[in-house]
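Position one of the sequence shown corresponds to residue 317 (this note's numbering), numbered consecutively onward.
Hints may contain errors.
As the list claims (entries may be wrong) - Only pairs whose alpha carbons sit at most 30 Å apart, straight line, appear in this in silico DSSO-like list of lysine-lysine:
#1 Lys631 <-> Lys435
#2 Lys599 <-> Lys631
#3 Lys382 <-> Lys549
#4 Lys519 <-> Lys536
#5 Lys549 <-> Lys519
#6 Lys346 <-> Lys519
#7 Lys536 <-> Lys636
#8 Lys631 <-> Lys382
#9 Lys599 <-> Lys435
#10 Lys636 <-> Lys599
#11 Lys549 <-> Lys536
#12 Lys382 <-> Lys346
#13 Lys334 <-> Lys346
#14 Lys599 <-> Lys549
#15 Lys435 <-> Lys636
#16 Lys599 <-> Lys536
If you're looking for bench data, these hints aren't it; they were derived computationally from the structure.
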Amino acid sequence: MHIEATTRVANSIEALDKLLAAITSGQQEKPDWIRLQGGCRLDRVDTPRREELIERLHGAVLRGFKANNCQFEDAESRLAYWRSVTRKGFHDFSDQGWMKCYDSPFVENYDYIGPYLEKGLEGLDPYAVYTSVLGTFDFTVEDFVNTELCRNVHTIVEPMAGTAEFAYHSHFHYPDFRYVMADLDQAAQERVLAQSWLPNTEKHYLRANVLDEAVWSEIKSVTTGESLSYIGKQSHHLFDARELFRLMEVATSHVDYFMLETPQLAPVMEMGGTDDVTREEMKDAGFEVELIEDADGEPNPFTNLMHFHLGAADKTGARKIFDYRNWTVWSQSILVTLARILNLNAFYFHSEMHEFVSVDDEWEDCDVEDEVTFMLFTSRDLPPSP
Numbered sequence: 317m318h319i320e321a322t323t324r325v326a327n328s329i330e331a332l333d334k335l336l337a338a339i340t341s342g343q344q345e346k347p348d349w350i351r352l353q354g355g356c357r358l359d360r361v362d363t364p365r366r367e368e369l370i371e372r373l374h375g376a377v378l379r380g381f382k383a384n385n386c387q388f389e390d391a392e393s394r395l396a397y398w399r400s401v402t403r404k405g406f407h408d409f410s411d412q413g414w415m416k417c418y419d420s421p422f423v424e425n426y427d428y429i430g431p432y433l434e435k436g437l438e439g440l441d442p443y444a445v446y447t448s449v450l451g452t453f454d455f456t457v458e459d460f461v462n463t464e465l466c467r468n469v470h471t472i473v474e475p476m477a478g479t480a481e482f483a484y485h486s487h488f489h490y491p492d493f494r495y496v497m498a499d500l501d502q503a504a505q506e507r508v509l510a511q512s513w514l515p516n517t518e519k520h521y522l523r524a525n526v527l528d529e530a531v532w533s534e535i536k537s538v539t540t541g542e543s544l545s546y547i548g549k550q551s552h553h554l555f556d557a558r559e560l561f562r563l564m565e566v567a568t569s570h571v572d573y574f575m576l577e578t579p580q581l582a583p584v585m586e587m588g589g590t591d592d593v594t595r596e597e598m599k600d601a602g603f604e605v606e607l608i609e610d611a612d613g614e615p616n617p618f619t620n621l622m623h624f625h626l627g628a629a630d631k632t633g634a635r636k637i638f639d640y641r642n643w644t645v646w647s648q649s650i651l652v653t654l655a656r657i658l659n660l661n662a663f664y665f666h667s668e669m670h671e672f673v674s675v676d677d678e679w680e681d682c683d684v685e686d687e688v689t690f691m692l693f694t695s696r697d698l699p700p701s702p
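Work out the full structure, taking the sequences as your base and the hints as a guide.
This is the structure in structure tokens:
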């Protein structure tokens, strides 16, 4: 089901003032987005006034604001603008605009550049760098539970959760759901549990190995309604074939729907080398970030195995942010083959239909060559796709 979004427009700072006042007083409902255009330019007000307006924007929108009318003469002023917006709860890690957690009352600080300016490369927060260049913010639970297939889901499971952006961002929209996260990373667990969650949301973060069936039994014991499990595209590629098969087997025995995000469909040989993922604010601050093939990391066309790392560098040197040793590109076709062996039904999220579609239907219209794909597997007996 396509999700409609509402947008209000402000053509001047004065009009924005009036709109924000009307929303915060309850005279108008919060829109999903506020678009700033024409003379409503945040680059033409001083920093205190800008941050005051952005803070008011945060409380007046469900998703964020769009402002494509700003212009900057130099990197310093552009970076100052970026930092003032991110300190007040908005990020631009997607193509949709300046976003916040859906209707979050908490002002999250997304300015990971400040610590770098103070301490150099060692000041960079690895998780924040990873999120800015590789994290997915364009999809949340809303997109998936509004489908015909997953409309009865009330428990979200995020194994291999890391910093659990999927669960955390989604819980603002569905605070009555249960959220169960699992990972071996203690630092990630501490980071997630220290975040500002809505007070009555039930959440569990397990320090556990998701290949252990007992972990999935524990997850099932706290499930309410049907359950949807999600693993992002960077995580399940760390498993070898036996481990991935095991994961799909135990997960689908304990959750209703098991979903894996996969990268764009491409030959593994095209994935080697060095990929520059430097964002504009990184350039303005004076460093770059790359996905770098290790010396022994050339992609193997027979096994899809490769070795690389995420690294940051500036004029003072280089720092390894995350290591991806023994990383195997599990393509959509391989995942479907494993599903067939396990007698699972296989679906993908059709980005235009906004529904999960069987891999046997409508495949000519899928966009796996251009976009990430969400592959969903279930052991449930289901009727054929409409």
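Straight-line alpha-carbon gap Lys599 to Lys549, limit 30 Å
Measuring from Cα to Cα gives roughly 26 Å; hence the hint holds.
Between Lys599 and Lys631, does the CA-CA distance stay at or below 30 Å?
holds (12 Å)
When you check the alpha-carbon spacing of Lys536 and Lys636, does it fall within 30 Å?
violated (37 Å)
Would the hint linking Lys382 and Lys346 be met if the CA-CA limit is 30 Å?
holds (15 Å)
Pair hint Lys334 and Lys346, alpha-carbon separation not exceeding 30 Å:
With a Cα-Cα distance of about 14 Å, the restraint between Lys334 and Lys346 holds, given a limit of 30 Å.
Hinted pair, alpha-carbon criterion (30 Å max): Lys346, Lys519. Please report holds or violated.
holds (27 Å)
If you draw a straight line from the CA of Lys549 to the CA of Lys536, is it 30 Å or shorter?
holds (24 Å)
Holds or violated: are the alpha carbons of Lys382 and Lys549 at most 30 Å from each other?
holds (27 Å)
Take a quick look at whether Lys599 and Lys536 sit within 30 Å of each other, Cα to Cα.
Answer violated: Lys599 to Lys536 is near 46 Å, above 30 Å.
Holds or violated: Lys519 with Lys536, Cα cutoff 30 Å?
holds (14 Å)
Between the alpha carbons of Lys631 and Lys382, is the straight-line distance 30 Å or under?
Judged against 30 Å, a Cα distance of about 34 Å means the pair is violated.
Holds or violated: Lys435 and Lys636, Cα atoms, limit 30 Å.
holds (16 Å)
Hint violations for this structure: numbers 7, 8, 16, all remaining hints satisfied.
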